[in-house]
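Engineer: Sequence:
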Amino acid sequence: MVGIIAVIGVLLAAVCLLGHVALCTHRAATAADLAALAAADTARGLRPGVACDEAARTARENRARLVSCAPAPEDPEIMDVRVAVDLAVGARLLGPAYGVARAGPPPSGSAGSGS
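When you read off a place in the sequence shown, starting at 1, and then add 33, the result is the number in this note's numbering.
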């Protein structure tokens, strides 16, 4: 009986761990998207500031940290960012969850561009 309870406890802990990892992965993806959009808007002059500083601030506001931020080689108005979200203490051996995103101006001729 004790063995069954122990197995159930381990399975519940594993399910909780997987749920936490999924949540952090989703948070990292969302933070990366928002940070890339903030950086791209700043690079295009739509908001004041320095593009990567805005990306870092946006990542922090979404409980993530900016790992890298750089303009794309083909277009300086397109920004590539990578963010990390640290997992809870019990899951730190897995390392952080990462999110990667790219944002820039809409393609020419797209809807809403006034063309």
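The reader is advised that the hints may include incorrect statements.
[What the hints assert, rightly or not] FRET-style restraints, in silico, Cβ to Cβ:
id : residue 1 : residue 2 : range
1  : 138       : 41        : 20 to 30 Å
2  : 45        : 96        : 20 to 30 Å
3  : 54        : 82        : 27 to 37 Å
4  : 48        : 135       : 27 to 37 Å
5  : 78        : 131       : 42 to 52 Å
Hint data in this document are derived by calculation from the structure and do not stem from the laboratory. None of the values given here were measured: they were computed from a predicted structure. Glycine included, each C-beta is placed from N, C-alpha and C at the ideal position.
Engineer: Hint by hint, note whether the structure agrees.
Structural biologist: Now the hints, each set against the structure:
no.	hint	result
1	138 to 41: 20 to 30 Å	53 Å, violated
2	45 to 96: 20 to 30 Å	25 Å, holds
3	54 to 82: 27 to 37 Å	33 Å, holds
4	48 to 135: 27 to 37 Å	33 Å, holds
5	78 to 131: 42 to 52 Å	29 Å, violated
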